[in-house]
Amino acid sequence: MLALLAACLAYGTTPSAPQVFDPSRSDPRAIAVTDLVMAALGGRQAWEDTRFLYFAFAVERDGKRIAYRTHLWDRWDGRLRYESRGKDGTPFVVLIDVNSRLGDAYMLPKEARAEGGAAPAAPATPLKMDAATAKPLLNEAYEAWINDSYWLLMPYKMKDPGVHLKYAGEETRDGEEYDLVELAFEEVGLTPRDRYWAHVNRKTHVMDRWSYILQDDPPGSEPTVWDWKGWTRRGRILLCPEKVTHRKGATLKILHPIMEVYDTLPDAYFTGPGPLPGGMGERSRPAG
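Quick note on numbering: the sequence shown equals residues 49 to 336 in our numbering.
Rather than coming from a laboratory, the hints here were simulated on the basis of the structure.
Wrong hints could be hidden among the right ones.
[Unchecked claim] Calculated cross-link-like contacts (lysine-lysine; reagent style BS3-like; alpha-carbon spacing at most 25 Å):
| no. | residue 1 | residue 2 |
| --- | --- | --- |
| 1 | LYS301 | LYS205 |
| 2 | LYS176 | LYS135 |
| 3 | LYS183 | LYS207 |
| 4 | LYS291 | LYS112 |
| 5 | LYS291 | LYS301 |
| 6 | LYS112 | LYS301 |
| 7 | LYS296 | LYS251 |
| 8 | LYS205 | LYS135 |
| 9 | LYS277 | LYS112 |
| 10 | LYS301 | LYS135 |
| 11 | LYS112 | LYS296 |
| 12 | LYS112 | LYS135 |
| 13 | LYS207 | LYS291 |
| 14 | LYS277 | LYS296 |
| 15 | LYS205 | LYS291 |
| 16 | LYS135 | LYS214 |
| 17 | LYS207 | LYS251 |
| 18 | LYS135 | LYS207 |
| 19 | LYS277 | LYS301 |
| 20 | LYS214 | LYS291 |
| 21 | LYS291 | LYS277 |
| 22 | LYS251 | LYS214 |
| 23 | LYS251 | LYS205 |
[Said to hold, decoys possible] With beta-carbon atoms standing in for the labels, derived distance ranges:
| no. | residue 1 | residue 2 | range |
| --- | --- | --- | --- |
| 24 | ARG281 | ARG250 | 34 to 40 Å |
| 25 | GLY278 | THR138 | 30 to 36 Å |
| 26 | ASP275 | ALA94 | 35 to 41 Å |
| 27 | ASN187 | GLN263 | 28 to 34 Å |
We put the beta carbon where it would ideally sit given N, CA and C, even for glycine.
Using the sequences and the hints, build the whole thing.
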């Protein structure tokens, strides 16, 4: 599968990592651009008030889906419901606390859950895995959450603890002017030596594309560039459902076919593996 693990700020920090954003370590102009981004997305308070996110993370190569999983995340309490499939196609559910990384995993008979969230009339009973079997799935859920939430939410995290911002210049592309903000990291995330550039549209103040060089890329590598398309309001904030790049003759896409925000949800969604309602992920119950 395409290696997409990104640094995720404020998650997985080392004990010595900073606990708050330090503006003295960043370029004032870069901070100013970043503040415009947050305002355009809905504002800091709207982001802080956003509690529940339900989203899918799908990868397509030349129109063929090669990965799909879903996250139901309680941002305030750190609860995560992660759903995916094993190598043999068997669906499973992980219920995990992303702060403690403790939780449980359940195997779902294949008829228990249709991809995308729809539940059959009579779902089969999920089977709880023993601790040894569950451990790698708990790790998978945590690492997928780090990666996938960063792909969804990166512009909201530009002033996370440990981020250093640098104004990296201007560019004009397709008649649009952009400010470039470089992000570097200080002892945060799973890959702290990654470097990112946010390409911020001067008219809309949203990020139309990002580019990055990952810490494991060969020396001298050119940045990988992804276009962020279709910014859409969900609840009080804006989210981007489609990211596209062209690499080695192939078109790769990161898609969020489910992308919703909720103010309230039943605790049962995070405490038991039973199927979510068929309406989850539809445009019928968003916050705001």
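Tested hints:
no. : hint                         : in the structure
1   : LYS301 to LYS205             : holds (21 Å)
2   : LYS176 to LYS135             : holds (18 Å)
3   : LYS183 to LYS207             : violated (32 Å)
4   : LYS291 to LYS112             : holds (15 Å)
5   : LYS291 to LYS301             : holds (6 Å)
6   : LYS112 to LYS301             : holds (10 Å)
7   : LYS296 to LYS251             : violated (32 Å)
8   : LYS205 to LYS135             : violated (32 Å)
9   : LYS277 to LYS112             : holds (19 Å)
10  : LYS301 to LYS135             : holds (22 Å)
11  : LYS112 to LYS296             : holds (16 Å)
12  : LYS112 to LYS135             : holds (17 Å)
13  : LYS207 to LYS291             : holds (22 Å)
14  : LYS277 to LYS296             : holds (21 Å)
15  : LYS205 to LYS291             : holds (17 Å)
16  : LYS135 to LYS214             : violated (42 Å)
17  : LYS207 to LYS251             : holds (21 Å)
18  : LYS135 to LYS207             : violated (37 Å)
19  : LYS277 to LYS301             : holds (11 Å)
20  : LYS214 to LYS291             : holds (24 Å)
21  : LYS291 to LYS277             : holds (6 Å)
22  : LYS251 to LYS214             : holds (20 Å)
23  : LYS251 to LYS205             : holds (21 Å)
24  : ARG281 to ARG250: 34 to 40 Å : violated (21 Å)
25  : GLY278 to THR138: 30 to 36 Å : holds (33 Å)
26  : ASP275 to ALA94: 35 to 41 Å  : violated (25 Å)
27  : ASN187 to GLN263: 28 to 34 Å : violated (20 Å)
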